[in-house]
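Whenever a hint applies, use it, and build me the whole structure from the sequences.
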Amino acid sequence: MKKLTVFTAAVAVAMLTVSAGTARADRFDPQLGGRSLVVKKEAEVRKAAAKPEKAASGKTSGKKGKKRPSKKAAAASGTQYSTLISQYAASYGVPVSLAHAVIKVESNYRPNVVGSAGEIGLMQIKPSTARMMGYSGSAKGLFHPETNIKYGMKYLAKAHSLGGGTTCGTILKYNAGHAAKRMNPVSSAYCSKVKVHMASLTPAS
Numbered sequence: 001m002k003k004l005t006v007f008t009a010a011v012a013v014a015m016l017t018v019s020a021g022t023a024r025a026d027r028f029d030p031q032l033g034g035r036s037l038v039v040k041k042e043a044e045v046r047k048a049a050a051k052p053e054k055a056a057s058g059k060t061s062g063k064k065g066k067k068r069p070s071k072k073a074a075a076a077s078g079t080q081y082s083t084l085i086s087q088y089a090a091s092y093g094v095p096v097s098l099a100h101a102v103i104k105v106e107s108n109y110r111p112n113v114v115g116s117a118g119e120i121g122l123m124q125i126k127p128s129t130a131r132m133m134g135y136s137g138s139a140k141g142l143f144h145p146e147t148n149i150k151y152g153m154k155y156l157a158k159a160h161s162l163g164g165g166t167t168c169g170t171i172l173k174y175n176a177g178h179a180a181k182r183m184n185p186v187s188s189a190y191c192s193k194v195k196v197h198m199a200s201l202t203p204a205s
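Numbering-wise (our numbering), the sequence shown opens with residue 1 and increments by one.
Bear in mind the hints are in silico, worked out from the structure with no lab data behind them. There's no promise every hint is true.
[Said to hold, decoys possible] Derived PhoX-like pairs (lysine-lysine); straight-line CA-CA distance at most 25 Å:
no., residue 1, residue 2
1, Lys181, Lys158
2, Lys158, Lys193
3, Lys181, Lys195
4, Lys158, Lys195
5, Lys126, Lys193
6, Lys193, Lys181
7, Lys126, Lys158
8, Lys195, Lys140
[What the hints assert, rightly or not] Quick list of the computed label-pair ranges, beta carbon to beta carbon:
no., residue 1, residue 2, range
9, Ala90, Met132, 19 to 27 Å
10, Ser128, Leu201, 26 to 34 Å
11, Ser161, Ser128, 14 to 22 Å
12, Arg110, Gly137, 19 to 27 Å
13, Lys193, Lys126, 15 to 23 Å
14, Asn112, Gly164, 31 to 39 Å
15, Ser136, Val186, 16 to 24 Å
16, Ser128, Val186, 15 to 23 Å
17, Lys181, Thr83, 18 to 26 Å
Just so you know, even glycine gets a beta-carbon here, dropped at the ideal spot from N, CA and C.
Shown next as structure tokens:
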């Protein structure tokens, strides 16, 4: 009887062990070398959580596409007005580099700029000055790039002639008026800026 009881107990323990082993088998993955599926699941969760961050950083570090030059950048370089500037500079005998430099300093190639003393457009010419050069239109008409360049260049050509063909002599007459005789600080600073821009436009020999 005692032996039977011991045997029965042993069988019961064996069955419990098998049952527990079967239950644990559901939580183990042979490919993980004995690790539980809980650990595997936790690893998968961490991996999934890391994916969005990786995608975001990849997007940030991705190569940017080439951008086309903006209209503002084109205006600042004067490329869209180069043909008109060259045309009227040649027509009135003004060095093209000087013409570009004056427009760059005066308006930075912006046709809608109005100065504090009523100067208009690309070459910052006053309506009264334009009329002296033969203009008969309205002040509004001077905002038109070609009109402004035409009469502004004509005034610059006269300044170039009266200034003896020198850069600072021309700038004095253009900035302070054709009747100006003596260089002033404003015109001197203006001339320095013009020289810098002319140098950047003139190819090195």
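Consistency of the hints with the structure:
no.: 1; hint: Lys181 with Lys158; result: holds (15 Å)
no.: 2; hint: Lys158 with Lys193; result: holds (20 Å)
no.: 3; hint: Lys181 with Lys195; result: holds (20 Å)
no.: 4; hint: Lys158 with Lys195; result: holds (19 Å)
no.: 5; hint: Lys126 with Lys193; result: holds (21 Å)
no.: 6; hint: Lys193 with Lys181; result: holds (20 Å)
no.: 7; hint: Lys126 with Lys158; result: holds (15 Å)
no.: 8; hint: Lys195 with Lys140; result: violated (31 Å)
no.: 9; hint: Ala90 with Met132: 19 to 27 Å; result: holds (22 Å)
no.: 10; hint: Ser128 with Leu201: 26 to 34 Å; result: holds (30 Å)
no.: 11; hint: Ser161 with Ser128: 14 to 22 Å; result: holds (20 Å)
no.: 12; hint: Arg110 with Gly137: 19 to 27 Å; result: holds (20 Å)
no.: 13; hint: Lys193 with Lys126: 15 to 23 Å; result: holds (20 Å)
no.: 14; hint: Asn112 with Gly164: 31 to 39 Å; result: holds (34 Å)
no.: 15; hint: Ser136 with Val186: 16 to 24 Å; result: violated (30 Å)
no.: 16; hint: Ser128 with Val186: 15 to 23 Å; result: holds (20 Å)
no.: 17; hint: Lys181 with Thr83: 18 to 26 Å; result: violated (36 Å)
Consistency with the previously given hints fails for numbers 8, 15, 17, ordered from lowest to highest.
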